[in-house]
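Q: Number 69 marks the last residue of the sequence shown (the UniProt record's numbering); no jumps.
Incorrect hints may appear among the rest.
Ranges between beta-carbon positions, derived for each pair [to be verified]:
{"id": "1", "residue 1": "Ala-57", "residue 2": "Leu-34", "range": "32 to 40 Å"}
{"id": "2", "residue 1": "Arg-19", "residue 2": "Leu-60", "range": "34 to 42 Å"}
{"id": "3", "residue 1": "Ala-16", "residue 2": "Leu-36", "range": "25 to 33 Å"}
{"id": "4", "residue 1": "Leu-28", "residue 2": "Arg-59", "range": "39 to 47 Å"}
Just so you know, the hints here were simulated from the structure itself, not pulled from any lab data.
The beta carbon of each residue, even a glycine, is placed where N, CA and C say it ideally should be.
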Amino acid sequence: MPHDASPSTDLYDPLADARALHARIEALRGVMRLQLRALDGLERRLTPLRPDGREGAARLRALKGSGKL
1 MPHDASPSTD LYDPLADARA LHARIEALRG VMRLQLRALD GLERRLTPLR
51 PDGREGAARL RALKGSGKL
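Just need the whole structure built from these sequences, with the hints factored in.
A: Okay, here's the thing in structure tokens:
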């Protein structure tokens, strides 16, 4: 028995689906970039200010004092 399938009004468009998925991924990447910037800013504000030179010099003195250098 022949069966005549009527064309569906909701045709699946894989290209449109892929474009929508790509747009969502790009939006999420943008949100992640903003969150990373915000977290980096918080980390900078919460990190105590220490000159790196002093810290390195103290470490070098400690190594020299212990005879490892």
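Q: All hints, please: hold or fail.
A: Each hint, compared with the structure:
At roughly 38 Å, the beta-carbon separation of Ala-57 and Leu-34 lies within the given 32 to 40 Å, and the hint holds. A hinted range of 34 to 42 Å is violated for the C-beta pair Arg-19 and Leu-60, which are about 57 Å apart. Between Ala-16 and Leu-36, the C-beta spacing of about 31 Å keeps the proposed range 25 to 33 Å intact. Separation of Leu-28 from Arg-59 is about 41 Å and conforms to the stated range, judged on CB atoms against 39 to 47 Å.
Violation of the numbered hints given earlier is confined to hint 2; every other hint is satisfied by the structure.
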